[in-house]
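Chains as they are written, first to last, in full-length UniProt numbering: chain A, 1 to 477; chain B, 1 to 347.
It should be emphasised that the hints constitute simulated quantities derived from the structure, not laboratory data. What you were told as hints is all true, and nothing was included just to trick you.
Pairs of lysine-lysine, DSS-like flavour, derived with a Cα cap of 30 Å:
1) Lys305(B) <-> Lys29(A)
2) Lys29(A) <-> Lys313(B)
3) Lys281(B) <-> Lys24(A)
4) Lys281(B) <-> Lys29(A)
5) Lys132(B) <-> Lys136(A)
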Amino acid sequence: MPIEILMPALSPTMEEGNVSKWLKQEGDKVVAGDVIAEIETDKATMEVEAVDEGTLAKILIAAGTEGVKVNTPIAVLTADGEDVGQAGEAPSAPKAKAADSDTPKQAEDDAGGKAREPSQEPSADKDAAKIPAAPKAEIAADPDIPAGTEMVSTTVREALRDAMAEEMRRDPDVFIMGEEVAEYQGAYKITQGLLQEFGERRVVDTPITEHGFAGVGVGAAMAGLKPIVEFMTFNFAMQAMDQIINSAAKTLYMSGGQMGAPIVFRGPNGAAARVAAQHSQDYAAWYSHVPGLKVVMPYTAADAKGLLKAAIRDPNPVIFLENEILYGQSFDVPKLDDFVLPIGKARIHREGRDVTLVSWGIGMTYAVKAEAELRGMDIDVEIIDLRTIRPMDLDTVIASVKKTNRLVVVEEGFPQSSVGDFIANQVSQRAFDHLDAPVITIAGKDVPMPYAANLEKLALPNVGEVVAAVKAVTYRS
Amino acid sequence: MAVAARKASAKSKADAKSSSAPVAPKPAEFSKEQELSAYRGMLLIRRFEEKAGQLYGMGFIGGFCHLYIGQEAVVTGLKMAMIDGDQMITAYRDHGHMLAMELSPRGVMAELTGRRGGLSKGKGGSMHMFSKEKHFYGGHGIVGAQVSLGTGLAFANRYRGNNNVSVTYFGDGAANQGQVYESFNMASLWKLPVIYVIENNRYAMGTSVVRSSAETDFSHRGLSFRIPGIQVNGMDVRAVKSAGEMATEWCRAGNGPIILEMQTYRYRGHSMSDPAKYRSKEEVQKIRAEQDPIEQVKARLIDKKWASEDELKAIDKEVRDIVADAAEFAQTDPEPDVSELWTDIVL
Chain A
1 MPIEILMPAL SPTMEEGNVS KWLKQEGDKV VAGDVIAEIE TDKATMEVEA
51 VDEGTLAKIL IAAGTEGVKV NTPIAVLTAD GEDVGQAGEA PSAPKAKAAD
101 SDTPKQAEDD AGGKAREPSQ EPSADKDAAK IPAAPKAEIA ADPDIPAGTE
151 MVSTTVREAL RDAMAEEMRR DPDVFIMGEE VAEYQGAYKI TQGLLQEFGE
201 RRVVDTPITE HGFAGVGVGA AMAGLKPIVE FMTFNFAMQA MDQIINSAAK
251 TLYMSGGQMG APIVFRGPNG AAARVAAQHS QDYAAWYSHV PGLKVVMPYT
301 AADAKGLLKA AIRDPNPVIF LENEILYGQS FDVPKLDDFV LPIGKARIHR
351 EGRDVTLVSW GIGMTYAVKA EAELRGMDID VEIIDLRTIR PMDLDTVIAS
401 VKKTNRLVVV EEGFPQSSVG DFIANQVSQR AFDHLDAPVI TIAGKDVPMP
451 YAANLEKLAL PNVGEVVAAV KAVTYRS
Chain B
1 MAVAARKASA KSKADAKSSS APVAPKPAEF SKEQELSAYR GMLLIRRFEE
51 KAGQLYGMGF IGGFCHLYIG QEAVVTGLKM AMIDGDQMIT AYRDHGHMLA
101 MELSPRGVMA ELTGRRGGLS KGKGGSMHMF SKEKHFYGGH GIVGAQVSLG
151 TGLAFANRYR GNNNVSVTYF GDGAANQGQV YESFNMASLW KLPVIYVIEN
201 NRYAMGTSVV RSSAETDFSH RGLSFRIPGI QVNGMDVRAV KSAGEMATEW
251 CRAGNGPIIL EMQTYRYRGH SMSDPAKYRS KEEVQKIRAE QDPIEQVKAR
301 LIDKKWASED ELKAIDKEVR DIVADAAEFA QTDPEPDVSE LWTDIVL
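Work out the full structure, taking the sequences as your base and the hints as a guide.
As structure tokens, this is what we get:
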């Protein structure tokens, strides 16, 4: 069978090109790998190699022809003694374009973005309906705490340590690695005692090398271990961002479900006190942007414990955002053998009927204090602690908004593209008719964190702002 | 416990054998079966890649497509030195690695065309394919990222106290990424069983090693981390296998990581849209004519009368049939069902 040589596509965007030169002539023998022609594309002049061997029986598109569409037969190759036959029929040659009327195409480099073919863009009228809707995940409610369970006042720090120790006792594949987690006992003492109990094989001090050890952790997770990677703070995880996003979060999808990364990245996040811009950033919104990650940000010690245990057991990469200021705060934690909470479920911290106040992590400290003040003004605030940023329990938020008709969100992160912005957007799309006032989002100020004590205070949200916002949406001001 | 015990026994073995840094072994002579196996293995990669290039030209394969033509001896020889359970991980010039790890040609080709029968159900593409079953850990699109990941695979081996080695590939270009050296440090510090295979094909995209690298002897890149390294003729499958055996023994004996700089060459451009203006045609032709890894084996087979031209043609036909079947499957298999858009994001 004669083989037609087709006009090749030589770049991700090429639709047509020019046959600039034939390096083999009719009657020439060619073997695989021989350069037979030169093709000019929108990016460069490329050589075309023969893939099969035989005789170049007929050239169908002459050298110098422009605007040859991809996949047009340009020549015919025959095996020894074979006829050209039907394949030799020249297609109607595309009209050579005058060079001066050519609109130069924009060159794109290899690493650059590529234009999608227009036909691939779903058009609103025709194809929108074909895009399948995102499936809805059912998330279990918190487990019931049996009546009479002893509650033990515990710091967030102890709760986190207990969670890790319990999971390490339960599963030999769980280990912790990070800077100063072993001999130093944790830069913030979260891993206190773990080296003594589990030994250096499972409590691994790393060099100061975030990008590298994040990658080592992800590789170990791909091999089936369950690493807990501690970042001394999430500010330093910026160095490891590529491994967290490109390797940990995307591999399950890119492998068609074959291989994921059961790993927890944890550590303090957000502003501590007086450590200035590079050490005082809240990454909740950053990580919440990425499909393939779960993002947890607890406030209470009980949630810290129950959710960290869940995160370690979760087969997906989980970003677990703690807060240095909360580490020393005490909360009641149920004394149960295995207290595990569901990731992705918000908790109604206080029921109320006048306004919904949503927060998470350290943001809850402002919400709780504001509620106490507002109670004195006879405003009954419902506080929702989101606990998990991704997947987000919007159902609980929206159910509450349908009851109170008012929403205020508080977080410490930067205001633009904040978590609060996303919540406000979802509520306006899904519960617009239930709103009696615009949603107010309170965030940190749009400035790098200053060092000076007075300026730092101004850069963060404050209780007064929350009180004012609640009064505004309830038209009390 | 297991780790400690293994390390102790391995140490005495290592002391006897390798108290000094390893030296490049002489290429082992191959048996007839080994030569034929290497010939077939390399030919499968070559023909597969030629077909992939052709399908790209026809528009069946989209995006980027990085061909392995010219470098076949590296993965083929190293695979001959690996045992069951040893892991392999590489960057985006990965089709040859997958074929060497015995992943299905149909599955690889259908992934290239973005079809549901592809190894990643069409969701990964040329640069992102994996097989837990065959211990192939990807297929990674970010230059250098696989080096830390491969070090993590070795970490898991040591953690479990098994005897396996992580064979972690990267190119001369990735050798300049920072996380490579972060990984070297940890691998050496913790004596992780990882072979860093630097496939030096002389060009990082279009930048030659002399234009990008202050130290162009890549076997020396681990010296400040006490990682030994050797240079290997990556065009000679026998030399690659011998170096691979030495390196796997080194790792299995508990000595920690080792670097193999594979001196090789890619005939094709960096990707399909590379006109290769940064090197001369003569350079490519000369290496092709004088050092082609497949022709070397073929010449030995004929010379030793281990195979006739006809027998080699029969192998060629068998390989072409496999590739044709893969290509046919990859063109006719349907695209993924639209419901796949939302699957495999989280478990």
